[in-house]
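K.L.:
Residue-level listing of the chains:
2 protein chains.
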Amino acid sequence: MKRNIELEEAQALLLHDACPAGEERVSLALAADRVLSLNITAPADLPSFDKSPLDGYALRAADTVRAKEASPSILEVIEEVAAGYAAAKKVLQGTAIKVMTGAPIPEGADVVIRFEDVIRIGNIIQLTVPLKSGSNIIRTGEDVKTGETIAKKGALIAPALSGLFAALGCAEIPVFKRLKVAIASTGDELVDVSQPMGPGKIYNSNLYSLVAACSRMGVQVEVLGNVVDQVAAVAEKIDQGLQLADMVITTGGVSVGDYDAVPAALESIGAEILFRGVNIKPGSPAIAARKDGKFILCLSGNPAAALITFELIAVPLLKKMMGLSSYLPVKTQAVFNDDFIKPSPQRRFLRGHFHLGDEMNFVTLTGGQSNGMLQSMVNCNVLVDVPGGSGKLLKGQKVKVMIIDDINGR
Amino acid sequence: MKRNIELEEAQALLLHDACPAGEERVSLALAADRVLSLNITAPADLPSFDKSPLDGYALRAADTVRAKEASPSILEVIEEVAAGYAAAKKVLQGTAIKVMTGAPIPEGADVVIRFEDVIRIGNIIQLTVPLKSGSNIIRTGEDVKTGETIAKKGALIAPALSGLFAALGCAEIPVFKRLKVAIASTGDELVDVSQPMGPGKIYNSNLYSLVAACSRMGVQVEVLGNVVDQVAAVAEKIDQGLQLADMVITTGGVSVGDYDAVPAALESIGAEILFRGVNIKPGSPAIAARKDGKFILCLSGNPAAALITFELIAVPLLKKMMGLSSYLPVKTQAVFNDDFIKPSPQRRFLRGHFHLGDEMNFVTLTGGQSNGMLQSMVNCNVLVDVPGGSGKLLKGQKVKVMIIDDINGR
Numbered sequence: 001m002k003r004n005i006e007l008e009e010a011q012a013l014l015l016h017d018a019c020p021a022g023e024e025r026v027s028l029a030l031a032a033d034r035v036l037s038l039n040i041t042a043p044a045d046l047p048s049f050d051k052s053p054l055d056g057y058a059l060r061a062a063d064t065v066r067a068k069e070a071s072p073s074i075l076e077v078i079e080e081v082a083a084g085y086a087a088a089k090k091v092l093q094g095t096a097i098k099v100m101t102g103a104p105i106p107e108g109a110d111v112v113i114r115f116e117d118v119i120r121i122g123n124i125i126q127l128t129v130p131l132k133s134g135s136n137i138i139r140t141g142e143d144v145k146t147g148e149t150i151a152k153k154g155a156l157i158a159p160a161l162s163g164l165f166a167a168l169g170c171a172e173i174p175v176f177k178r179l180k181v182a183i184a185s186t187g188d189e190l191v192d193v194s195q196p197m198g199p200g201k202i203y204n205s206n207l208y209s210l211v212a213a214c215s216r217m218g219v220q221v222e223v224l225g226n227v228v229d230q231v232a233a234v235a236e237k238i239d240q241g242l243q244l245a246d247m248v249i250t251t252g253g254v255s256v257g258d259y260d261a262v263p264a265a266l267e268s269i270g271a272e273i274l275f276r277g278v279n280i281k282p283g284s285p286a287i288a289a290r291k292d293g294k295f296i297l298c299l300s301g302n303p304a305a306a307l308i309t310f311e312l313i314a315v316p317l318l319k320k321m322m323g324l325s326s327y328l329p330v331k332t333q334a335v336f337n338d339d340f341i342k343p344s345p346q347r348r349f350l351r352g353h354f355h356l357g358d359e360m361n362f363v364t365l366t367g368g369q370s371n372g373m374l375q376s377m378v379n380c381n382v383l384v385d386v387p388g389g390s391g392k393l394l395k396g397q398k399v400k401v402m403i404i405d406d407i408n409g410r
Numbered sequence: 001m002k003r004n005i006e007l008e009e010a011q012a013l014l015l016h017d018a019c020p021a022g023e024e025r026v027s028l029a030l031a032a033d034r035v036l037s038l039n040i041t042a043p044a045d046l047p048s049f050d051k052s053p054l055d056g057y058a059l060r061a062a063d064t065v066r067a068k069e070a071s072p073s074i075l076e077v078i079e080e081v082a083a084g085y086a087a088a089k090k091v092l093q094g095t096a097i098k099v100m101t102g103a104p105i106p107e108g109a110d111v112v113i114r115f116e117d118v119i120r121i122g123n124i125i126q127l128t129v130p131l132k133s134g135s136n137i138i139r140t141g142e143d144v145k146t147g148e149t150i151a152k153k154g155a156l157i158a159p160a161l162s163g164l165f166a167a168l169g170c171a172e173i174p175v176f177k178r179l180k181v182a183i184a185s186t187g188d189e190l191v192d193v194s195q196p197m198g199p200g201k202i203y204n205s206n207l208y209s210l211v212a213a214c215s216r217m218g219v220q221v222e223v224l225g226n227v228v229d230q231v232a233a234v235a236e237k238i239d240q241g242l243q244l245a246d247m248v249i250t251t252g253g254v255s256v257g258d259y260d261a262v263p264a265a266l267e268s269i270g271a272e273i274l275f276r277g278v279n280i281k282p283g284s285p286a287i288a289a290r291k292d293g294k295f296i297l298c299l300s301g302n303p304a305a306a307l308i309t310f311e312l313i314a315v316p317l318l319k320k321m322m323g324l325s326s327y328l329p330v331k332t333q334a335v336f337n338d339d340f341i342k343p344s345p346q347r348r349f350l351r352g353h354f355h356l357g358d359e360m361n362f363v364t365l366t367g368g369q370s371n372g373m374l375q376s377m378v379n380c381n382v383l384v385d386v387p388g389g390s391g392k393l394l395k396g397q398k399v400k401v402m403i404i405d406d407i408n409g410r
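Sequences listed follow chains A and X, in order. Counting from 1, one number per residue, gives the positions in the first sequence under my numbering. Counting from 1, one number per residue, gives the positions in the second sequence under my numbering.
Bound-form chain A, shown alone (with noise of 0.2 angstroms):
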C-alpha cells in the first residue's frame, strides 16, 4: 500500500489496469452520447453519386461552347428528376434533363446550370455563355470516401457522428457497454433529505451530488444510500456494490478518527489497498483500493472535498472505464482574478469560475474554500491548481487551472 502520494501518481496507479466492462452492438437510435469501441470506417463514399447542389439543368459542356448573348445555345428540356429519382433517359447533344437539389446528375451530363441563369421557353432553355465541365457538381466521395476512418475507437458518439453514421448506412454501432457504479456515503451523522433530522445530524449532500455527477457521464449508478460508522455495516456495503456494479465509490470514514470504519471494512473485506491519502488539500484522505478486479474509490465525507477529488480521481477512472480515449483533466492556464493570501504549504486545489477572453482567460473564485464548504462548488468548472509551497496568490499572476465542467459560458 503507498501512502501520501502525488496525484498524478493516484491517477496513473488505477488508469493503469482500467478497462471497459466489455462491448455490445446497438441500433444507431441508442448509440447517442455512447463510447464507439471500434475505429469505424466508411462503408460507401458520400455522397454515393454525383448530385446536384441546385435547382437546374443538367446538360453538356460542349453544346454551350459557343454561346454567346447575340447567339444562345438551344437545348431541349427532355426530362424533370426531382430529389430521390434517378432520370430515366440521358442527356444526349443537344438537350438537357431538369434536376432539383440533391438530383443524381444524369448519364451524359457533365454540368449544371441554375434556373435563374437560363432563358427557358416551353421545353426550350436558352444559354447565353460557354459553361466549365464539372460545375455545379456535387462529386461521389466528396464528403467521405469508402474505407476512410470516419471516427475512432473511445470517441464519444456526438449528434453529428450520429448523423454520419446515418448517411453512412450504419445501423448498427459497436460501442463500449454502460459502466455501472455503486455508491455509498458512510456516517452515522447523515440523514437522506427524505427523512427527519436530528441533534448532530447533518443532510447527506454527497449521496445527491455524486449521483448526478456519474449521471450526468453517462453512468448508470446503484444508489446504496447511507451506511452507519461500523465497520461490519461498512464492509456488507461495499460487497454488496461489488455485486451489482463495476466500481463502487464511498464518501466518508477514510481518516484516522477512532470512528472512521473505512480502511478496516476494506481489510476485512480482503480488498487490496492501493493507495491511502494523496497529497492534496481538500481531500487528501482519499483511499483506493480493489478487489476482484473491481475498483473501490473511498472519498473523504466532506462535502467539496468529496466533490474535488470524485473529480481529480473518479473521474479518470470512470472516463477511462467508459473506454473514452480521452481521459485526464484538461489543463491550461488563466489569469487569476482575485487575491487569495493564504499560503499553501501543501498542493491545493482552489475552487474557480473560467472566464473566456477575447484577449486571455480568466479565473475567479468561487467563495470560501473550506473542505466542507459546498456553496462554492455550485459555479465551479475549473480547479486552480496551487503548488505545495507556494504563497499568496495575487491578481493577474497566471495560475494553472484543470478543467472539471462546462467553460462555455453557460
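One thing to keep in mind: the hints can contain errors.
In this list, chains with the same sequence are indistinguishable; a pair is considered to hold if it fits within one copy or across any two.
[Stated by the list, open to error] Each computed DSS-like pair below joins lysine-lysine, with the alpha-carbon atoms no more than 30 angstroms apart:
| no. | residue 1 | residue 2 |
| --- | --- | --- |
| 1 | Lys400 | Lys331 |
| 2 | Lys400 | Lys180 |
| 3 | Lys90 | Lys2 |
| 4 | Lys153 | Lys90 |
| 5 | Lys294 | Lys90 |
| 6 | Lys392 | Lys132 |
| 7 | Lys145 | Lys331 |
| 8 | Lys281 | Lys180 |
| 9 | Lys153 | Lys68 |
Just so you know, these hints were derived from the structure itself, not from any lab. As the structure is a computational prediction, the values presented were derived from the model and not from experiment.
Starting from the known structure of chain A, arrange chain X on it as the hints suggest.
P.N.:
Then chain X, alone, in the frame of chain A:
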C-alpha cells in the same frame, strides 16, 4: 412575413414570445440537470450547528491562558462525541470533551485542539500553549445563511447544486416542465438507415443528428420520421407534431424549388410565417412559423446547414423554452489557425474546432465547408462568424466565434 432577415433578428423574433411550458415540483433525485423555475433561498443555515473540523478536544480557551511547556494546563476528558451525536454534558472549567470531525461543539466549549497537539494520560489531557477562543470551529451558517439566495430561476441544476439542495434539506425542487419537440424530415430522397437503399436515395442523417442534439440538451423528442415532398403529407406531419409536442422542427423542402412543399404546407395549416430566409450561409432558406402559439422551425435539408441553423436558431429558442436564463450562443474571439481563401459575399459560418491556449485561444477549420458536407461537423465545437463582404481569412488573424459544443478539450 419577413424575408431574408439577419440572424439576430430571427433569434429575437422567436425569443420574444418563447416561454416554458409550465412548472412542476420533483423530488431532488429527479431534479438533476433540470432547470429551476423559482429562485431558491436557503431554508436553514449551513452548517446548522457549530461543529468541529477535525478530531480533537473541545474546551474553554480560558482554561489555557497560563499553559506553558513547564506548567501545562491540565483538563479532564469527561465525554466523547462522534459525528452524528450531541454531547450529554457541558464543558465546564477544567474539563474537555473529545469530539470527532463533524461533531457538534459541546456547550461551554469555545475552541477545539487537535488530538496530535495534546498529551493524553488516562482521562487527563495536557496543553502546553494557550489557545485562541474560536479556533477550529466551523460556525453555523458559515457556508450558507438562512434566507440567502442559493440558486436562481433559470439555472441548470448541476451536480454540486443537487448536493447543496440536499445539504439544506430541500427534498422537492420547483423546475420547468420538460420541453417536448417533434422532429420530421421531408424529402422523397430520404431512406431510414434501417430500410433498403434505392437509386437516387440517400439515408436520412438529419433526423439522427437532431434527435441526438435535442436529447443531449434534455429535451424530449417525438420522432415523426420521414415524409415525402407533398404539401398534404407535410402539412399532416406538422399538424401531428403540434398535437404531440411543444414545438416542431422539420428539415428539407424549404427552398424555392418546385418540389419544396414546406411553405405551402405551412400555409395550408394556417400557420403564421414569422420569417422566411435568414441572411447566413449555410442554412439561408430557414423558415419559422407559429400555429396555436407553438413554433414550427423548418430548416434546410442539407446536413451541415441543418445542424448549423439548429445551433444558431433552434437552440436559443429551445433553451429559452426549457426555462434556461442563459440561452444565446456564447461568443468569443480566437486566432484563426488556417487560411480560408474563398471570399464571403454573404455572412458565413465556418465549422471550426476551438483550442484553449495558455496565451491565446485558437480555432482550426474542421474540414470541407460545403452545405452538404457532414464530416466537418463531427469535431466542430465553434462556428467562425465571418461578416458578409469579407475577403480571404488568413492564419493568425483574430476571428469571432460562437460556441456550439464543449470546448473543454475533450
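K.L.:
Given identical chains, is lysine 400 near lysine 180, meaning Cα to Cα at most 30 angstroms, within a copy, between copies, both, or neither?
P.N.:
neither (32 angstroms within a copy, 41 angstroms between copies)
K.L.:
Could you figure out if lysine 153 and lysine 90 sit no more than 30 angstroms apart (CA to CA) within one copy, between two copies, both or neither?
P.N.:
neither (44 angstroms within a copy, 63 angstroms between copies)
K.L.:
Are the CA atoms of lysine 145 and lysine 331 at most 30 angstroms apart within a copy, between copies, both, or neither?
P.N.:
The answer is neither: 35 angstroms in one copy and 34 angstroms across copies each exceed 30 angstroms.
K.L.:
Pop the pair lysine 294 and lysine 90 into one bin, within, between, both or neither, using alpha-carbon distances up to 30 angstroms.
P.N.:
neither (65 angstroms within a copy, 46 angstroms between copies)
K.L.:
Is the C-alpha distance from lysine 392 to lysine 132 at most 30 angstroms within one copy, between copies, in both cases, or in neither?
P.N.:
Between copies only: 24 angstroms across, 69 angstroms inside.
K.L.:
Since the copies are identical, ignore which copy is meant and state whether lysine 400 and lysine 331 lie within 30 angstroms (CA to CA) inside a copy, between copies, both or neither.
P.N.:
Answer is both: 7 angstroms inside a copy and 24 angstroms across each meet the 30 angstroms cutoff.
K.L.:
At 30 angstroms max between alpha carbons, let me know whether lysine 153 reaches lysine 68 within a copy, between copies, both or neither.
P.N.:
neither (56 angstroms within a copy, 66 angstroms between copies)
K.L.:
Should lysine 90 paired with lysine 2 be assigned to within, between, both, or neither, using CA atoms and 30 angstroms as the limit?
P.N.:
neither (77 angstroms within a copy, 41 angstroms between copies)
K.L.:
Could you place lysine 281 and lysine 180 in one of the four classes (within, between, both, neither) given a Cα distance threshold of 30 angstroms?
P.N.:
Within one copy only: 28 angstroms inside a chain, 44 angstroms across chains, cut-off 30 angstroms.
In summary, the numbered hints that this structure violates are 2, 3, 4, 5, 7 and 9.
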